[in-house]
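Undergrad: Given next are the chains, with one letter for each unit.
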Amino acid sequence: MEAQKEKSMILQKEMISSLFNELAKAKETGKKVCYTFIPGNLSELIRTFDMLPVYPEINALQSAMRKKSASYIKEAERNAHSEDVCTYVKCDVGMMMKGNIGPTGEKIPEPDILLLSYTGCFTFMKWFETLKRSYPNAEVIMIHTPYQENAKMTPEMTEYMVRQLKLEVIPKMEKVTGIKYDEAKLKRHLELAKEAEDWIARIFETTKHRPSPIDAYFAGVYYIGPINIGFRGTQQAIDYYKELYNEIQERIRLGLGPITPEGEMKEEKYRLVVEGPPNWTSFREFWKIFYDMGAVIVASSYTKVGGVYDLGWRHDPERPLESLAEYCMNCYTNLNIPQRIDLLSKCITEFEADGYVTNSIKSCNSFSAGQLGMMREIEDRLEIPVGFIESDLVDPRYFSYSNIKNRLESFFQMLEQRKRIESNASV
Amino acid sequence: MMKKIQQILDECKELAFDLNFTRSRKWLEENPKGVVVGYMPIFFPREIVHAAGGLPVGIFGGGDRKQIVKGDAYYQSYICHIPRSIIELALDKHLDHMSGFIFPSICDVIRNLSGIFRQHKVGKFVKYMDFPQNFLPEIGGRFYQQEMEHVLSYMEEINGIKVTPESLNKSIGLYNKNRELIDYIYKIRQDYPWRLSIADVYHVVRAGTVIPVEEHNEILEQVCHYISGEVGEPQDKIKVVISGAFCEQPAIGLIRAIEEAGCYVVDDDYMLGSRMILGDIDNTSENPLEAISNAYIKQSQYSSSIYDVNDPKEYRLAKIVKDRGADGVIFASASFCDPSLLDAPIFQNAFNKMGIRYISFQYSENINQFKVIKEQVGTFSDSIKLWEGEPA
Ligand code: SF4
Ligand code: SF4
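Respectively, the protein sequence lines represent chains B and Y. Every letter in the first sequence is one number past the one before it in my numbering, and letter 3, counting from 1, is 3. Every letter in the second sequence is one number past the one before it in my numbering, and letter 144, counting from 1, is 1144.
It should be emphasised that the hints constitute simulated quantities derived from the structure, not laboratory data. Do not rely on the hints blindly, as some may be mistaken.
[Stated by the list, open to error] As a list, the in silico DSBU-like pairs of lysine-lysine whose alpha-carbon atoms are at most 30 Å apart: (1) Y:Lys1319 - B:Lys132; (2) B:Lys68 - B:Lys405; (3) B:Lys74 - Y:Lys1371; (4) Y:Lys1313 - B:Lys132; (5) B:Lys74 - Y:Lys1353; (6) B:Lys194 - B:Lys242; (7) B:Lys166 - Y:Lys1371.
All figures in this text were calculated on a predicted structure; none of them were measured in a lab.
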């Protein structure tokens, strides 16, 4: 994203580096450090207790983008970690074994709290069982998010979570931080969160335009950064999203397509919806295959892992703990398969996508198990061309450029043919 | 008249791998108001289905007896084998007499498989059962009771049966008996493993997942009686505990091969669900669902599906090894089985420090070539025998 720096990008960079700087100084400032996950992150509550969040997944993806993940993964595999499990875990464990040096080159402080928000992914639990053994002094907190197995958040599920918050999560946070729970403060953060969520929903809606002013996957992963890594619930996040929104509006006014690492995308040929996380080790090459073909992603499931805001759900300051619970239950990987299919179908229809692509991640069962069935259902339901590629999040061994390119080329040919048939028919 | 033991064992073998679930079909004919409920590994409180006039039936995949034709179109090569064989069984109508399906929260594969069942509208109900990861009775326990009530409401919709505390307590009693008898087999085998091979134990326990508990208890009684006496000849084998094979099951040939290669298996987690609750569940409570939930919270065996920070699993396995007098552990994981493989470093790092010997390998339910594994197990056994007598 260096090619064209817009103000929003600078703002985001500042936010992220301020977080890492604060983390580096945590010992001096006495701020407590809370390791947690993005799906089901309780950012507003963490802020209510003045803690600093660390997201192991973010460290892993940053390590991959900096080409460090391969050596970390190798280190973990030398220590009995299987080749076949989530590479985020191995990258994180390997990084820890090699001194826990974060993306800014500084050591990431040890956790005071290991807050396992167990939302939408089984591996999270195993990951924190491993971390607990590495950080025996950290306070372990678990919040179990029930799965939306019946496509519903029932009152019982919410009650279960609220009770966990009241009787376990909050008292333990009070104990570690020495700060008393202040509901008014939480409400203020939730009010801000709600506003940020409105903005992010608006931003991802702009892909309805033709050409789409943004890429909702490759650029989308940057856009969700602030809201996912602890800034949801702050004025900073709102400022960032407002700025971003204005920039996008300007692009719409000028009729411009998305910005790519090589500048503006000239012609929008295909509009796609993508399911599955991206590959981080070859992120740019991966993206390039798409923009070189004139393909823009108008919606993606991955940008919904930290919260689904498309369907109107927002944090509600009037029901603070209930809304924290609902937020967790409503993250993408906590939706059942039929819900996921419906959500993606809605995106395809509303954003007038020409095709649907699954990027199946080898080591991520939460996403991948069931993806083929989803794809078939979407293909049947919407009669839309579908493409299927395989890669991994942070293990470069599983990114085969030529394989992916070949498969995508055939997919694009299919799209091209379809377009030709459709335009002939309309003539 | 008591059947001959060999006949019982043969029948169990037949039942254990009956992919048409013949016994449950027959049961349904005999009980037209009955509801057959299939459940996936690892664990499910079968008592509640029993009390509601149902027959709980364990679905442990197709093993090496089901050729996969359609299942591969649903699952990528890097996902374990069991979901594809289960979907194959469903699409080929092996499960068509079952009214409901329970998917316990063991991992994301089983979780998402519940969605595929929903998508295909298999059965009258599909329930992903979220076991609590909060272990306070007033929080997690309450939630667990609600999950069980949810299952019961599905059943009631089908057969109109409302479960009473009496009926539930009766069912709990039957399953208490069942666990006690299975436990007895393992207790005898820890000292006299030659009295009944592990393959036979496996058949007997697995058969219990597909037949009424009353019948299984009778079978177990006879098996227990049989192994209480001196039978068989001890052989020069080491004793091991198998860990990690709790969901997708190894082919029976592999289960047998481990023992043939020189390792008496004195404990294992193959059929963990049938042995998950340690000891009895209170069957005198006025609120039996609470009793079931308390037992889950307080008396569960360690498992990859339970967050273990309060009770680290490596010490629990180490205790099993010690209590059973085992010489080592074999970590057997289904290929691509996240829960098992993610636990492996935790166990292995701890065991390196504790000086507990182990080996590990991976298998797949449909593969019955295990020459390499057999050699590995044989070497493990030989090396332990060689070390015997060395200073600790
Ligand atoms: S969601 Fe996927 S990538 Fe993320 S921790 Fe879980 S298994 Fe790993
Ligand atoms: S074998 Fe392992 S990964 Fe596969 S469904 Fe069972 S527990 Fe899940």
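Undergrad: Are the hints correct? Go through all of them and say.
TA: Hint check results:
For the suggested pair lysine 1319 (chain Y) and lysine 132 (chain B), the alpha carbons sit about 21 Å apart, so the restraint of at most 30 Å is met. Between lysine 68 (chain B) and lysine 405 (chain B), the direct Cα distance comes to roughly 24 Å. Compliance with the 30 Å bound is thereby established for this hinted pair. The straight-line distance between the Cα atoms of lysine 74 (chain B) and lysine 1371 (chain Y) is roughly 29 Å, inside the 30 Å bound, and the hint therefore holds. In summary, the hint linking lysine 1313 (chain Y) to lysine 132 (chain B) is supported, as the alpha carbons are separated by about 13 Å, within the 30 Å threshold.
Taking the CA atoms of lysine 74 (chain B) and lysine 1353 (chain Y), the gap is near 22 Å; set against the 30 Å cutoff, the hint holds. Straight-line distance between C-alpha atoms of lysine 194 (chain B) and lysine 242 (chain B) comes to about 13 Å, which keeps the hinted pair within the 30 Å bound. Among the hinted pairs, lysine 166 (chain B) with lysine 1371 (chain Y) is inconsistent with the structure: their alpha-carbon atoms are about 55 Å apart, more than 30 Å.
Going through the hint list in order, the structure does not satisfy hint 7, though it satisfies all others.
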